[in-house]
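Engineer: Residues per chain, in single letters:
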Amino acid sequence: MDSKTISAGRIADKVNKGELKARDLIEKVLQKAQEQNNKLNIFCSIAGAEALEQASAVDQKIESGICLPLAGVPLAVKDDFMYKALPTTLGSSQFKSFNPPYNAATVEKLIAAGAVVVGKTNIDNMGIGSATLDSPQGPTLNPHEPKRVAGSAGAAALAAGICSLALESDSSGALRQGASHCGVFGLLPSAGLVSRHGLAIHSGSFCRAGVSALFPEDLPVALNVISGYDPRDAATAAFREMNNRREKTDDLSNLVIGYLEALPGSVADLRRSLFKDTLDQIAALGVGKVEVIFKHLPEALRAFQVIAAAEASSTLLRYDGIRYGQAIEADDLELLYCKTRRATLNGEALTRSIFGTYFLSKGGYELYYRQALKVWTLVRQELKAAFEQCDLLLMPVVRTEPFLASGEPVFTDLYENDLYTVPASMTGNPAVCLPAGDLDGIPVGVQLIGKRLEDVFLLSAAVKITPVITSAPQGLDGGGN
Amino acid sequence: MEYEVVIGLEVHVELLTESKLFCACPNRFAAEPNVNTCPGCLGFPGILPQLNGAAVKKALTAALAFNCEIALFSYFDRKNYFYPDLSKGYQISQFHVPIGSKGHLDIEDDQGSIKNVRIGRVHMEEDAGKLVHSPAGDTSLVDYNRAGVPLIEVVTEPDLRTPGEARRYLEKLKSILQYARISDCKMEEGSLRCDANISLRPAGSDTLGSKTELKNMNSFKAVEKSLEHEIKRQRAILKSGQEVVSQTLRWEESSQETIVMRGKLQAHDYRCFVDPELAPVQLTAEEVAEARENLPEMAEARAARFVSDYSLPAYDAAVLTASRNLADYFEACLAGYDNPKAAGNWIMGELTARLNSTGSEADSCRFTPLFMAELLKMIDEGLISGKLAKEILDQSFASGKSPRQIVEKENLTQISDHGELEKVIRQMIEEHPDSVENYRGGKTKALGFLVGQVMKETKGKANPQLVNELLLKALDG
Numbered sequence: 005m006d007s008k009t010i011s012a013g014r015i016a017d018k019v020n021k022g023e024l025k026a027r028d029l030i031e032k033v034l035q036k037a038q039e040q041n042n043k044l045n046i047f048c049s050i051a052g053a054e055a056l057e058q059a060s061a062v063d064q065k066i067e068s069g070i071c072l073p074l075a076g077v078p079l080a081v082k083d084d085f086m087y088k089a090l091p092t093t094l095g096s097s098q099f100k101s102f103n104p105p106y107n108a109a110t111v112e113k114l115i116a117a118g119a120v121v122v123g124k125t126n127i128d129n130m131g132i133g134s135a136t137l138d139s140p141q142g143p144t145l146n147p148h149e150p151k152r153v154a155g156s157a158g159a160a161a162l163a164a165g166i167c168s169l170a171l172e173s174d175s176s177g178a179l180r181q182g183a184s185h186c187g188v189f190g191l192l193p194s195a196g197l198v199s200r201h202g203l204a205i206h207s208g209s210f211c212r213a214g215v216s217a218l219f220p221e222d223l224p225v226a227l228n229v230i231s232g233y234d235p236r237d238a239a240t241a242a243f244r245e246m247n248n249r250r251e252k253t254d255d256l257s258n259l260v261i262g263y264l265e266a267l268p269g270s271v272a273d274l275r276r277s278l279f280k281d282t283l284d285q286i287a288a289l290g291v292g293k294v295e296v297i298f299k300h301l302p303e304a305l306r307a308f309q310v311i312a313a314a315e316a317s318s319t320l321l322r323y324d325g326i327r328y329g330q331a332i333e334a335d336d337l338e339l340l341y342c343k344t345r346r347a348t349l350n351g352e353a354l355t356r357s358i359f360g361t362y363f364l365s366k367g368g369y370e371l372y373y374r375q376a377l378k379v380w381t382l383v384r385q386e387l388k389a390a391f392e393q394c395d396l397l398l399m400p401v402v403r404t405e406p407f408l409a410s411g412e413p414v415f416t417d418l419y420e421n422d423l424y425t426v427p428a429s430m431t432g433n434p435a436v437c438l439p440a441g442d443l444d445g446i447p448v449g450v451q452l453i454g455k456r457l458e459d460v461f462l463l464s465a466a467v468k469i470t471p472v473i474t475s476a477p478q479g480l481d482g483g484g485n
Numbered sequence: 022m023e024y025e026v027v028i029g030l031e032v033h034v035e036l037l038t039e040s041k042l043f044c045a046c047p048n049r050f051a052a053e054p055n056v057n058t059c060p061g062c063l064g065f066p067g068i069l070p071q072l073n074g075a076a077v078k079k080a081l082t083a084a085l086a087f088n089c090e091i092a093l094f095s096y097f098d099r100k101n102y103f104y105p106d107l108s109k110g111y112q113i114s115q116f117h118v119p120i121g122s123k124g125h126l127d128i129e130d131d132q133g134s135i136k137n138v139r140i141g142r143v144h145m146e147e148d149a150g151k152l153v154h155s156p157a158g159d160t161s162l163v164d165y166n167r168a169g170v171p172l173i174e175v176v177t178e179p180d181l182r183t184p185g186e187a188r189r190y191l192e193k194l195k196s197i198l199q200y201a202r203i204s205d206c207k208m209e210e211g212s213l214r215c216d217a218n219i220s221l222r223p224a225g226s227d228t229l230g231s232k233t234e235l236k237n238m239n240s241f242k243a244v245e246k247s248l249e250h251e252i253k254r255q256r257a258i259l260k261s262g263q264e265v266v267s268q269t270l271r272w273e274e275s276s277q278e279t280i281v282m283r284g285k286l287q288a289h290d291y292r293c294f295v296d297p298e299l300a301p302v303q304l305t306a307e308e309v310a311e312a313r314e315n316l317p318e319m320a321e322a323r324a325a326r327f328v329s330d331y332s333l334p335a336y337d338a339a340v341l342t343a344s345r346n347l348a349d350y351f352e353a354c355l356a357g358y359d360n361p362k363a364a365g366n367w368i369m370g371e372l373t374a375r376l377n378s379t380g381s382e383a384d385s386c387r388f389t390p391l392f393m394a395e396l397l398k399m400i401d402e403g404l405i406s407g408k409l410a411k412e413i414l415d416q417s418f419a420s421g422k423s424p425r426q427i428v429e430k431e432n433l434t435q436i437s438d439h440g441e442l443e444k445v446i447r448q449m450i451e452e453h454p455d456s457v458e459n460y461r462g463g464k465t466k467a468l469g470f471l472v473g474q475v476m477k478e479t480k481g482k483a484n485p486q487l488v489n490e491l492l493l494k495a496l497d498g
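Top to bottom, those sequences are chains A and B. Going by this note's numbering, the first residue of the first sequence is number 5, and it counts up by one from there. Going by this note's numbering, the first residue of the second sequence is number 22, and it counts up by one from there.
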């Protein structure tokens, strides 16, 4: 059986009923992980004995009469989540043998729910980026078009039919862009719903943990498992406000979806029309639609870049080689710092460190950082106003097709690609990426943004909308067993 | 030309909390390095700060005790710089909005009148670790036990004018912090650290001269000494027509002089910004009112009460209230003993001497206030002599056993039995006829000798007053 062809929910159901042994499934999954990894460069490390032990432990629990929501579900974990059993490389050669002494809260919860960690998925240096082009082991290739990048290795692990669930992180849109490029469903939960304890964040304001899956029905199950108040992450105080929020959308005709008439940024014509078609398909369900104004969308991206760089420049200071990670020996302290940090940081992490230091300096603070904070406030106000007119907001996910794996994209292109994903990052709203079709054989997703803390409502609507905008999960050889 | 001295103090105080400011590690002084650490205070990836509510309460209490305005909404910033003792590459500190501002303390100036010293701000921050250098000087190791320990920084306005005022301000500050149980203020363990900013200006001028910052003073006396030294140095520079270089100086206790640590020209740009990983600190008016309500009675008020309630001399009251521990001890003792003057004398004298010689505190001493009450009562009852009481105090102080138990177990009770004493007295009179003769011949000194012989025979247990009385009766009768 191919895990890709059945949902995480179906796997759990079968394992819980004793129709399928988690260990048998995981043995096959590990084999497939190895094969696909050779082709697509998905994993930093693949679990072996640990995964089989976990699977056996799940089987034992089931035999003793315990029911687990994610029993036996093969899980991909992005390499910025701490997991004691495997190294956490943070996308840096200086961390290739770093085994953290603690598990991320999300990893712990998923394992407790019966999921089995198959491997740690490839990331950009320090988890900053949406293309894995800044990874020491090179980019993860797109299972649909291996000449191009997957965007997110977790999404690739799903699309390649290895895993049924992927634990992902997202600050500027990596989770959603990867889901779009690979044709899977990606959920960025509301800020504060999911603990980030044990997630190596580089921006406290924007980094969030989320999940991707091959089937939309699996997202609410996974969200239920990973969300909750955790004193180890002050932001999760928000979880307590989640009560009494709308949960279900029984009648789609009561729903109003907001959209942007003119899409700013250079979006290819075919992508524009695919987006318009999707909007029409949804409207055909009887859903109301209303045009909303998002005047500061381009400025939102600029402000995001300034603030994210400022926060990264500070948060990444800890990687000095003194307490953990590999230091580069030097004769004096200053040289040790320089050499170690130069070897540890690269690509966008390095760029943000340099720019962010300037944005916070005496010369840059008023000019850039304070201005960016003001724009941030405007963006929040604008999105709030938009949600007074609608229940959900439909937006494109990404402007262009995935980058060529062999090429080196101009960094401004990398930045511009975040245009449609940073608003939800900045406002704390939940967003779900849904596959909406393909162009030249490469999937294209759309993004539904929900009101803050109305994640369950958003997912409920997404599950109902999915059948009319996408015929089947966008697997490589998808389509039943 | 006459110069006016302008001094401002920055005091860092470690808060008395169970755990550190942002993690659950014990906030405890430890000799062994890196035992009080966790991935959080070591700055590991993926560990977010968790604010310690107890530390916020202590900081709030301090701000209130220093008469500050309280910010109901404050937050933490990051102060970014590289140093190996700083585990995250930044210190979390309240830079933009401190929890307390615009406070003041009243002290006595050198002429003995009341002076108002303004306190600009009281803010919370985390401490850094410590570098330990090898004796050969070729390696440095880091001890992160102190990393993340909660601190408050109390910053005065440049209102102090003499080294003596600076010392009295520090003494007042320490007394308040100890009374409110905010800090133990042990300078030798680093739980109170003081930096001083000092400049001179022509008398009558209202602009500030260029200042120097003094560091590394490990006692209040050192603060006073270093300021006196710096005043002389700056005055000499100014008198010779030169300018004082604005720089940081390090006080060397051994040579009693300052040496240059770093010039201000290399001042850091700390790039402070709000820490995005922490929620703002929000206090309600009720919480502030409650903390204000719970402020303890401070030293001066307590001393005044000791004078009025217990009829103690002002001097005794001042000594007993110098530390809250001693004052608490005194009042706890009075719960079991009703002669305040006697209790005060014993606590100020005998107990304090033993506390000082063992380096212990009245609140953790094994000789409890109730033991003291018991001991004093036994003296009043005539069961033991004052001399014996001191020996019993020694034993009880060391063993933690009750004085009454010691007396009973070692059969130390004073002999006040008439029959028993009369027997000994008769024996002594027989053994020392010469002395009896001398006494009867008018040499009263001989009486003392006979009393001494009785005491010796009874191994000091005889009630001396009674011996005197009975001996006189036997000799004169």
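Please note that a few of the clues may not be correct.
[As the list claims (entries may be wrong)] Listed next, the in silico DSSO-like pairs over lysine-lysine satisfying Cα-Cα at most 27 Å (straight line):
#1 Lys343(A) to Lys480(B)
#2 Lys378(A) to Lys100(B)
#3 Lys246(B) to Lys207(B)
#4 Lys430(B) to Lys494(B)
#5 Lys408(B) to Lys366(A)
#6 Lys362(B) to Lys444(B)
Hints in this document: simulated from the structure, not taken from any laboratory.
Engineer: Hinted pair, alpha-carbon criterion (27 Å max): Lys246(B), Lys207(B). Please report holds or violated.
Structural biologist: With a Cα-Cα distance of about 19 Å, the restraint between Lys246(B) and Lys207(B) holds, given a limit of 27 Å.
Engineer: Lys343(A) and Lys480(B): Cα distance at most 27 Å?
Structural biologist: This hinted pair is violated, its Cα atoms lying about 79 Å apart.
Engineer: With the threshold set at 27 Å, check whether the alpha-carbon distance from Lys362(B) to Lys444(B) stays at or below it.
Structural biologist: Outside the cut-off at roughly 37 Å; violated.
Engineer: Is the hinted pair Lys408(B) and Lys366(A) satisfied, with a Cα-Cα distance of at most 27 Å?
Structural biologist: 71 Å, violated
Engineer: Hinted pair, alpha-carbon criterion (27 Å max): Lys378(A), Lys100(B). Please report holds or violated.
Structural biologist: It holds: about 22 Å lies between the C-alpha atoms, which stays within 27 Å.
Engineer: Hinted pair, alpha-carbon criterion (27 Å max): Lys430(B), Lys494(B). Please report holds or violated.
Structural biologist: 33 Å, violated
Hint check: violations occur at hints 1, 4, 5 and 6; the rest are consistent with the structure.
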